[in-house]
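S.K.: Let the hints inform the model, and build the full structure from the sequences given.
Going down the list, the protein sequences come from chains G, Z, R and P. Note that my numbering has the first sequence beginning at -5, numbered continuously upward. Note that my numbering has the second sequence beginning at 804, numbered continuously upward. Note that my numbering has the third sequence beginning at 20, numbered continuously upward. Note that my numbering has the fourth sequence beginning at 5, numbered continuously upward.
Keep in mind the hints are simulated off the structure, nothing from the lab. Worth double-checking, as some hints may not be accurate.
[Said to hold, decoys possible] Beta-carbon label-pair distances, calculated as ranges:
1) G/963 x Z/902: 52 to 58 Å
2) G/965 x P/395: 24 to 30 Å
3) G/910 x P/254: 53 to 59 Å
4) P/182 x G/913: 29 to 35 Å
5) G/616 x P/71: 53 to 59 Å
6) G/150 x R/96: 39 to 45 Å
7) Z/913 x G/688: 23 to 29 Å
8) G/404 x P/182: 56 to 62 Å
9) G/576 x R/96: 24 to 30 Å
[Claimed, not checked] Within a straight-line C-alpha distance of at most 20 Å, the following computed DMTMM-like cross-link-like pairs (lysine to aspartate or glutamate) qualify:
10) G/957 x P/92
11) P/357 x R/60
12) P/70 x G/576
13) G/880 x R/49
14) P/294 x G/540
15) G/134 x P/293
16) G/882 x R/49
17) G/882 x G/679
[As the list claims (entries may be wrong)] To be clear about the criterion: a stretch of chain G counts as covered by chain R if any three or more of its residues have a C-beta under 8 Å from a C-beta of chain R, and this derived list gives those stretches:
18) 237 to 246
19) 737 to 744
20) 883 to 892
Even glycine gets a Cβ: it sits at the ideal position worked out from N, Cα and C.
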Amino acid sequence: MSQTHRLSQGGGIDRARELTFTFNGRRYQGHPGDTLASALLANGVSVIGRSFKYHRPRGIVGAGPEEPNAIFQVGTGATTRPDQRATQVELFDGLVASTSARLGFDPLSVNNMFARMLPAGFYYKTFKWPATYWPRYEEKIRAVAGIGESPIEPDADRYDHMNAHCDVLVVGGGPAGLAAAQRAASAGARVILVDENPAFGGSLLSGRDAPDNHVDGRSNRDWIANTVAELAAMPDVRLLTRTTAFGNYDHNFIGLMEDRGDYLGQPAAHGVRHRLWRVRARQVVLATGALERPLVFGNNDRPGVMTASAVSIYINRYGVTPGYRAVVFTNNDSAYGTALDLHAAGIDVAAVVDVRRRPSGALAAAVRAAKIPIHDGCTLIKARGGRRVRSVEIGRLSGEQLTGDRWKISCDLVASSGGWSPVVHLHCHIGSKPVWDDQAACFLPGADNPGQTSAGSVTGHFNLRDCLAQGFERGDAAAAAAGFEPTAGTAPSAPAAGETMPIRPFWLAPSGAPISRGPKQFVDFQNDTSAADIALAVREGYESVEHVKRYTALGFGTDQGKLGNINGMAILAATLGKSIAETGTTTFRPAYTPISFGALAGRNAGHLFDPERKTAMHEWHAAHGALFENVGQWKRPWYYPKDGESMQESLDRECQTTRTAAGVLDASTLGKIEVHGADADRFLDLIYTGARRNMKTGTCRYGLMLHEDGMIFDDGVTAKLGDNHYFLTTTTGGAAGVMNWLEAWHQTEWPDMDVFFTSITDQWATIAVNGPKSREVLQALCNDIDFDRDAFAFMTFREGTVAGVAARVFRISFTGELAFEINVDANHGRYVWEAVMAAGAPYGITVYGTETMHILRAEKGFIVAGQDTDGSMTPMDMGMQWAVGKKKTDFIGMRSLARPDIVASGRKQFVGLLPTDGTVVLPEGAQLVDDPQAPLPMPMVGHVSSSYHSVTLGHSFALALVKDGQSRMGETVYSPQPDGSVIAATIAGPVFYDREGARQNV
Amino acid sequence: MSEPVMESPLIGRPHSIQGQPADGQSAAQSGVSLGERPFLGHFSLRGKADDEALMAACSRVFGIALPKTPNTWVEGEGVVIGWMGPTEWLVLVAAETRHEWLISLREALADQHAGVVDLSGGQTLITLAGEHARDVLAKGSTLDLHPREAQAGFCTRSTLAKSAIFLRVVEAGERFEIVVRRSFADYLWQWLVDASEEYGCEILPADATLALSASADNDFDEAVNAS
Amino acid sequence: MFQIDCPWCGPRDQQEFSYAGEGGIQRPQDPSATTDAEWADYLFMRRNPRGMHHEQWRHVHGCGQFFQVTRHTVTYRIESIRRMGESAAAGGESS
Amino acid sequence: MNNRYSIFSLARNALSHHEKWGRAWRSAEPQPEYDVVIIGAGGHGLATAYYLAREHGITNVAVVEKGWLGGGNTARNTTIVRSNYLYDESAHLFEKSLKLWEGLSQELNYNVMFSQRGVYNLGHTLQEMRDIHRRVNANRLNGIDGEVVNAEQIKRAVPYLNTSPNARYPILGSSFQPRAGTARHDGVAWGFARAADARGVDIIENCEVTNILRDGGRVTGVETTRGTIKAKKVGIVVAGHSGVLADMAGFRLPIESHPLQALVSEPVKPILDTVIMSNAVHGYISQSDKGELVIGAGIDSYTGYGQRGSFNIIEDTLAAIKELFPVFSRMRMLRHWGGIVDITPDATPIIGKTPVENLFINCGWGTGGFKATPGSGWVFAHTLATGEPHPINAAFSLDRYTTGYLVDEHGAAGVAH
Ligand SMILES: Cc1cc2nc3c(=O)[nH]c(=O)nc-3n(C[C@H](O)[C@H](O)[C@H](O)COP(=O)(O)OP(=O)(O)OC[C@H]3O[C@@H](n4cnc5c(N)ncnc54)[C@H](O)[C@@H]3O)c2cc1C
Ligand SMILES: NC(=O)c1ccc[n+]([C@@H]2O[C@H](COP(=O)([O-])OP(=O)(O)OC[C@H]3O[C@@H](n4cnc5c(N)ncnc54)[C@H](O)[C@@H]3O)[C@@H](O)[C@H]2O)c1
Ligand SMILES: Cc1cc2nc3c(=O)[nH]c(=O)nc-3n(C[C@H](O)[C@H](O)[C@H](O)COP(=O)(O)O)c2cc1C
Ligand SMILES: [Zn+2]
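M.R.: Rendered as structure tokens:
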């Protein structure tokens, strides 16, 4: 059997079934219940990667989210996923994993020999000369960096979001979390319990099932199963495994990531690969446990050197032994448990090396009883061996120093424990700082965040009995805080912990040489950050923990320092001669473990990325060959090419037909707002630059809105429907902004005014019929409105029926032609539209899109807010003094128009331009200069905002903003083009067609 | 001239697959049913809640008082009225009564300090019901629609996915109505179909009637007041 | 992600609201009587405190109402919420 | 000081096991008085100190920093450097900066890894394309490199970008500035700190300014958590905290401080060789030399000093990135964070005098000031040294808000960067 390191019994794996997987092209076997890491270890694979900088061989160190080395590419092609942590990848049949590192001979391992040239921050000191070479250096640096590979095929998997509310969210399903959830739920609270693992139970699942960890007198596995079953039976409890609480956000909003596909090797039913839960919890209990940190000694990165708890987990949860002759190295009691686990599994434990003198705890006694040698008051100096640890060198300690007494023990496994670091990450995401505790030698959560509390080993309680009791109590407290009465009951009990001996903080094993000269002592494996790098950073003045992080890359890797940060910070403190509390930690940030972009995007992808807003006539446009333009979220027909037509040919046809006969535009997207109330006149007078109060019912008026800084921000037509009753239009993109604008002024500044606004953009389908034949078209469709020129004057509206549908018809024109805008209930939009097209057929009516609309309005010098204006133009700049009420004493933006630089000369003003060569269309966005020969930087006097070829005029023309342009009529300006050519144009008034405005008045 | 034809914004969506369960599932298996109630009368009623004359006039025309408690709806004969804001109510009536209602409303409120704006063409109503209706909503809504929090009688404006909506709880946890602006309706429908897929989704035939509870006397008032 | 207790609708997710800037800024009664400096003060100058901030929000995807919020700009904790026009003393119930 | 950095000094120091490297900058004790005190040791403050010493010979200078130097926005920005701004005033300022970037590693003797990999600003709507043309034309005439490219050309340069015409917001084209790129943000702060220190500037960390001392209308010094420091001139360069400092000096600014967020993916092999920014779809992305995708997000609407923002911004940003690069859907977010940006109403900085005599301010860089670091320091040093703005920053005065002369760069700065 190839699973050389699989124990003959034990573990939660399903030995009856075998799974096949490949790693770097080689086939291996494992079992359901394995992780990729446990399966590799079971197969005796020890070198699984190479270190980033020095290319040293690396093995698996941990068994959970702290693993820095075993980071693999899983899957291929469209379903590949880079940078997967093998310790958290569940094995499935056919899994394909790989690493880009060369596991055999690696030519870059010569870096190891040049290691001395590559201290922390070396790249800041080099690659500067010659200056032009940096891109080449950079290319080389980039090529060696990066762990996995991004997919290069689109992702076919689906993702979604799920919002959830609960009274109590419990993060972590270990003993503390289970007890808390059980209590909160039994009080009647809505509870969500999550754990990143495939099963609840937390660290209990990786301990031996022994009487000292029994709960309520039965095996802890039974207790877990029972508790989970009890919870599952309650209606308002949601249990989520394989779900990581990745981020803690303000006001008790917690992000969870549920894996529904990766563990199967394919998405779960109905295709959702990852589900992002967005939880709003009344109360949160953080029962996230603690992570073990390793001890730092020479060559501690050799494959075969692991954390003690990882060794226990592989033995107890997976039935795998990572080695056959172990040395346990510790500064606290818990690793003695690992020694016992190894011993129980029949593995030779060559020694327990404890930096403490005369370890006295109950576990130590048990180890002694098992006849395992204990070297107390000693340290590991360094590991030996290349591709795998072969032996360790041990030395006796006197204080922090070596006595000189050294010896060697051969082994193929080192299990080290430097103590435990509570998982305070989530607690700290919202700004709380963790607090160093000298007693427990770890950072603990600081004061509780509002509505949140912690329970279990995250609070520094490292024995089962306390964790259960605390979970029970915090579960009750959380339920109570959420308004639920706790039920009667007693905490689940576990046997009292035996005698313990305090931890002896021990951050860096002495090697007998200065840090800079001794063997490499790694702190952060993924980034090859060693104790010497930290010392160097300090020597160079990078003293703040944040500088050290950034200079040495400590904690920058995919494990975010879960394994090494605390050691690094302690080494930093020692180097500086400060306490750990003084140096502090770097900032904990989401994500606790990485989450996919796909999950974050959820359903907002592809055709659902953003709503496509459609008018009632959309399907008609599509069926008639329209090309669409995106305007805000709307789809607007841009133009309607007929077979074989170029864009310009289509536009020429649409323009010409509209000017000579009739054309129809779908104008439904314009924003529309109904305004009424006793103070509507007064209010609108303050909003618009022009007066409203003197309007007569039945009439329309064009208007400008300014921001309070005096700049135009929207325009539209106001129709007076009755006393203090108006209908406003806004630009397509401006509708929501104008609505908010009106509400804001009303509610926050003039709440006493009696005025209401209702958005009716969607209510009306708007069909703009333009052109000399538009009257005939309307007459054919309507017999209850008198379309006679004088009966239905320009800038008025009528109500009646068009094609049998109740309609409001405005006689307004954005083309300068005789024109009518028909507004009907949008449910009837398409029906009336088709009726208009049919009624216009005898006149050769055309449909036209936004581009033709732009040409026709530009020929008339009508502005498009947002195209000819850009938020920095006043009505005067645009030559629109006529739209500003002369007698008004106030309107929004008025005061700003009197500021010195607004009335000063030299401002850009709106003008027309006639290219000297009428066949040349000035590009929109072209810049204008007076002297195209001037050296760069060339003084610019303006720019082109709109520009077209006009079939009506027979030549091109443009609208532009030119400094003092209104007083430069007839002068020539130039536009230097990217290709070196220069386009000359004459400044003219902005109205090119029908200057007298006769055509709209026929 | 032929009779004017109305089109719902979902033209080409539910109508073309009328009654056909999506995803090849039988209706019995589907955890969600989706449908449209097109062409209903939708009116925005604006006025002040402390205007007693207006409130009285409204009670007369609706036969029931306007709901003044935020986020509640009430039901009169042939009409559902939802609180939208302190000066705004949404009035829903059946398609065929739309014009009469509009006329009688405008008449009844003519002398009042109030406005009635017809939104019937600008909105449509989507029904969402079934065992997993709440789960579907949870995918795009941050509202807490647990029956304990949102009983029948609850309504609110909110967002669903990237669309603004008006939501009405018809039956706690089970039956919901979503009023959506016309131009967003197609997007929202596609979103709902996509979000429902995992539960099996039945598409109901379009139905232009207003959903009223069996007894129009408001036994949900208590529930509402309790919340 | 804030949860904001709309004084009309109760607690709702931040996504239903829009932020509407510093509160309590009075538009001058008679703008034309202001100096350029006074006008600039009203237009642009802001308290922008690091600490307690009186600000306005709108329940734009709800009841549509603007209201006043006192929020700490470092902890993001909301100290009080009031309807427009309500003084701090009258409201301020939620904390 | 024999502390020059080169491959040779690296080799030499390797022989002595790197035990002989000197400090990059001294940990200075505050002196009772300086000619100039600069508040804030971000990139801009440190650059100001460096150019004061180097260009104006003023070395009796202290830079006081409340935390660790470079720990503000300098530490947390997405490092995009470009100069293709629309208005002449901004263009000249940012181009001055870009020119300084081009020799900075050599000038500072510190490799700031300025990587001129080019920046694309995508256009997804016709109006965006008009704006892009307008801006690129203006850039060209201002002597700034840049061109407008079409979707086909972008596709060739950035193969994994979604250039499909069927996208919700198809890419219609883009501006491209070849000389633009990225730099190593921390290195910039450290490089300036080291170079300023070498010229005698005192950099005082963990020293928070708590009050600005004035006599009549004139500044006389600062009060700090490490005692009072007198100064002839004081420069405020505190980015997101500008309002707080202005308050200490008794005036207000047209500034709101907002959270702005960014994030990185896990590191992968090179996949993206340039910088992509999109306004309409709202996200921007580059790949760092270490291999992470560095992604920037929209600004939070509310004010905040919390160095963290709202989660939905992160979601929206990654939806945008997935829309632009569907292949990145399976990449994972490693970490996200926030900074505090100082937003002005016209998206343009303020560099110049304050109502208090001899007190100067440099702020309002908002979402886009990293690229300006050397240029900003250069003009601000001039302003502090001479008491008057340099022609390049003359337009960026505080009183433009009173007179109405705004340089509104919302178009160019539309997407946070
Ligand atoms: C997420 C994010 C992404 C960005 N992306 C880009 C980008 O891609 N390109 C770009 O050009 N720009 C970008 N920016 C903007 C850019 O980071 C800033 O404009 C720029 O770094 C500002 O530099 P600074 O030196 O002025 O400020 P900072 O680096 O913030 O320095 C100000 C310093 O002042 C200190 N200080 C504050 N108060 C006091 C006090 N009372 N006493 C003493 N010291 C004090 C602070 O601690 C801080 O160190 C981004 C910003 C953010 C937040
Ligand atoms: N001997 C020792 O020194 C020692 C040290 C530490 C812990 N322990 C033992 O461990 C147990 C601690 O119990 P506990 O309940 O506090 O912790 P636990 O470790 O048993 O459970 C915590 C659970 O939370 C999960 N988790 C952590 N962060 C998460 C996140 N962000 N999202 C989802 N899941 C997350 C973990 O995977 C784990 O399953 C006790 O039995 C204690 O005796 C012993
Ligand atoms: C350009 C850039 C690249 C970064 N790359 C990484 C990275 O690879 N790994 C990492 O953990 N953090 C990375 N960070 C984020 C920092 O760890 C840190 O979050 C950020 O500087 C803000 O500081 P704070 O989180 O300590 O407040 C990067 C930041 C920036 C600005
Ligand atoms: Zn509300």
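S.K.: For every hint, state whether the structure bears it out.
M.R.: For each hint, the structure was consulted:
no., hint, verdict
1, G/963 x Z/902: 52 to 58 Å, "56 Å, holds"
2, G/965 x P/395: 24 to 30 Å, "28 Å, holds"
3, G/910 x P/254: 53 to 59 Å, "58 Å, holds"
4, P/182 x G/913: 29 to 35 Å, "33 Å, holds"
5, G/616 x P/71: 53 to 59 Å, "58 Å, holds"
6, G/150 x R/96: 39 to 45 Å, "43 Å, holds"
7, Z/913 x G/688: 23 to 29 Å, "25 Å, holds"
8, G/404 x P/182: 56 to 62 Å, "60 Å, holds"
9, G/576 x R/96: 24 to 30 Å, "28 Å, holds"
10, G/957 x P/92, "14 Å, holds"
11, P/357 x R/60, "17 Å, holds"
12, P/70 x G/576, "16 Å, holds"
13, G/880 x R/49, "17 Å, holds"
14, P/294 x G/540, "18 Å, holds"
15, G/134 x P/293, "10 Å, holds"
16, G/882 x R/49, "12 Å, holds"
17, G/882 x G/679, "8 Å, holds"
18, 237 to 246, "holds (count 4)"
19, 737 to 744, "holds (count 5)"
20, 883 to 892, "holds (count 6)"
In the structure shown, no violation is registered for any of the earlier numbered hints.
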